[in-house]
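**Student:** These protein sequence lines are chains A and B, in that order. Residue numbers for the first sequence follow the working numbering, so the first one is 1 and each next one is one higher. Residue numbers for the second sequence follow the working numbering, so the first one is 1 and each next one is one higher.
FYI, nobody ran anything at the bench for these hints, they're computed from the structure. Any given hint could be a false lead.
Claimed, not checked - Where chain A lies over chain B, by a calculated footprint (3+ residues, C-beta under 8 Å): (1) 43-56; (2) 308-318.
As the list claims (entries may be wrong) - Which chain A residues stay away from chain B? Per the calculated CB distances, all over 10 Å, these: (3) Arg21; (4) Tyr23; (5) Glu92; (6) Glu106; (7) Asp133; (8) Glu156.
Glycine included, every Cβ here is placed at the ideal spot set by N, Cα and C.
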Amino acid sequence: MEKLTKRSVQIDRSPMTIGERVYLPSILKGLGITLGHIFKKTATVSYPEQKRPFSPVFRGLHILNRDEEGKERCTACGLCALACPAEAITMEAAERKAGEEHLYREEKYAAKYEINMLRCIFCGYCEEACPKDAIYLSETVMPASFNRKNFIYKKEDLLIPDPKKQG
Amino acid sequence: MLLLNIDAAFVIEKVILISVILMGSLGVAMYATWAERKVSAVMQDRVGPNRAGPFGLLQPLADGLKLFFKEEIIPDRSTQFIFILGPCLAMLTATMTSAVMPWGPDFTMAGRTISLQVADINIGILFVFGVVSLGVYGVMLGGWASNNKFSLLSSIRAASQCISYELAMGISLIALLMMTGSLSMKDIVTQQHGFWKDGYFTWNFFKQPVGFIIFLTCSFAELSRAPFDLPECDSELNMGYHQEYSSMKLGFYLFAEYINMFISSAVISTLFFGGYNFPFMDQVQAAVPSGIFSLICVGALMAKIVGMILFFMFVRWTLPRFRYDQLMKLGWRSLIPLALINMLVTGGVILLTMKK
Chain A
1 MEKLTKRSVQ IDRSPMTIGE RVYLPSILKG LGITLGHIFK KTATVSYPEQ
51 KRPFSPVFRG LHILNRDEEG KERCTACGLC ALACPAEAIT MEAAERKAGE
101 EHLYREEKYA AKYEINMLRC IFCGYCEEAC PKDAIYLSET VMPASFNRKN
151 FIYKKEDLLI PDPKKQG
Chain B
1 MLLLNIDAAF VIEKVILISV ILMGSLGVAM YATWAERKVS AVMQDRVGPN
51 RAGPFGLLQP LADGLKLFFK EEIIPDRSTQ FIFILGPCLA MLTATMTSAV
101 MPWGPDFTMA GRTISLQVAD INIGILFVFG VVSLGVYGVM LGGWASNNKF
151 SLLSSIRAAS QCISYELAMG ISLIALLMMT GSLSMKDIVT QQHGFWKDGY
201 FTWNFFKQPV GFIIFLTCSF AELSRAPFDL PECDSELNMG YHQEYSSMKL
251 GFYLFAEYIN MFISSAVIST LFFGGYNFPF MDQVQAAVPS GIFSLICVGA
301 LMAKIVGMIL FFMFVRWTLP RFRYDQLMKL GWRSLIPLAL INMLVTGGVI
351 LLTMKK
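Next comes chain A alone, as it looks inside the complex:
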């Protein structure tokens, strides 16, 4: 019969010889293999104590960026929401009032900004679409929750802390 793949091996179905029927040589061989495995390193990463580094292209939980002076970069243009294939992003724009210049970088800002993490597929298109470098996908894994409500991340959850207030 023609072989279907190069790796297929025809099984030898001839009856076992006496040497094989004694079993002991093959048992010893098997024990030798398992004995060798005792000295091999485990592949396990003991997770909470030990963490494996993320790959450089890892896309995790979103953050909303601020500029160096701590002003929000987002101008609520809606390009991220448009780019989002999962339709996870909603936002409401508002106009900057006088005296709010230290809060928002441009005249328009996002009054409400929500990402539904249950819809989000972490594709990173929002990050690519953003013209203001306002949204980034961080190296954080989304935490689990018992409640669906907790998966809708508000602007307060997404915004990074103010660098000026921190310093």
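Starting from the structure of chain A, add chain B where the hints point.
**Tutor:** For chain B alone, kept in the frame of chain A given last:
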């Protein structure tokens, strides 16, 4: 009443010995579950239990606690009395065998000679065999009373497997007993004193290697451990005879299995590896007091037992399960004839070399 004319110190001594042995075998069985998981993990390049305590050493306690808190389920259509009797019998027979094991040499304390053996009966081996054959009842009754076809099939398998392999086991042992000339465990151990005498090893393993291999194979089957774990073969029978069991009743079955492993390791060490004897024991005996010497001997026996248990685990995580017909073929067509030939050859050699 002459029978009850026993002094109180003797009773106290035996009670202490029995409780120590019982606790010891339970403890060893407990940590055998941990060791099994650890050994399998090491052999499969995994880590194994490591969360409960250092190196997961508290894992058996956690498991036991969990089993106690589980819901106790007795199936509606089961034969309830026998259903409960099954695990009890399994546990009872598992712990009974240790009575005739000589755990160490006698020592004198406060003018009394204290024996580290619960009962030195002159048919020790026969007692072990008798109790081990009773162990089938636990499995058989449990499986039958569950009113579950898988349990029943599994228990029938267990019973037939045990009975088939007991034959070869017994015959292989006859060859050994022809050499020792005694059925008492104590005598068999004393004959294997030290390690080297008159230009040959004293341990029976070196006198009966074929008998040892047969005995070892049969004890694997008796313990229903891999590669002969057909009663529990989960791919065919779900969980085997303990399918309907829950809570500590299941725990008893699992536990009895590990106690059996401990005891059978002890029996193998006693019969073939000189029991509590170890090389250069005469020199050691001359150097230390008798109490400490006894402890060292117990330690030697324990080391052998632990080695055997590790070997049992080692084999379990290496070999695939036999098919049922292969199992029966191996038992009836290979091991029993081999044991018979071994017996005949041993008998012939003893006859030829016997000094008149």
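**Student:** For each hint, tell me whether it holds in the structure or not.
**Tutor:** To see whether the hints hold, each was checked on the structure:
Given a C-beta distance limit of less than 8 Å, the hint that chain A covers the segment 43-56 of chain B holds, as 6 residues qualify and 3 suffice. Beta-carbon proximity to chain A at under 8 Å applies to 4 residues in the segment 308-318 of chain B; the threshold of 3 is reached and the given coverage holds. Its beta-carbon lying about 7 Å from the closest one in chain B, A:Arg21 breaks the requirement of being farther than 10 Å from that chain. Distance check for A:Tyr23 against chain B: the nearest CB is about 8 Å away, which does not clear 10 Å, and the non-interface claim fails.
For A:Glu92, the condition that its CB be more than 10 Å from all CB atoms of chain B holds, with the nearest at approximately 47 Å. With a closest Cβ-Cβ approach of about 52 Å to chain B, A:Glu106 is found to remain outside the 10 Å limit, as its non-interface label requires. For A:Asp133, the non-interface assignment is confirmed: its Cβ lies about 43 Å from the closest Cβ of chain B, beyond the 10 Å cut-off. Interface exclusion of A:Glu156 from chain B stands, the closest Cβ pair being 36 Å apart, more than 10 Å.
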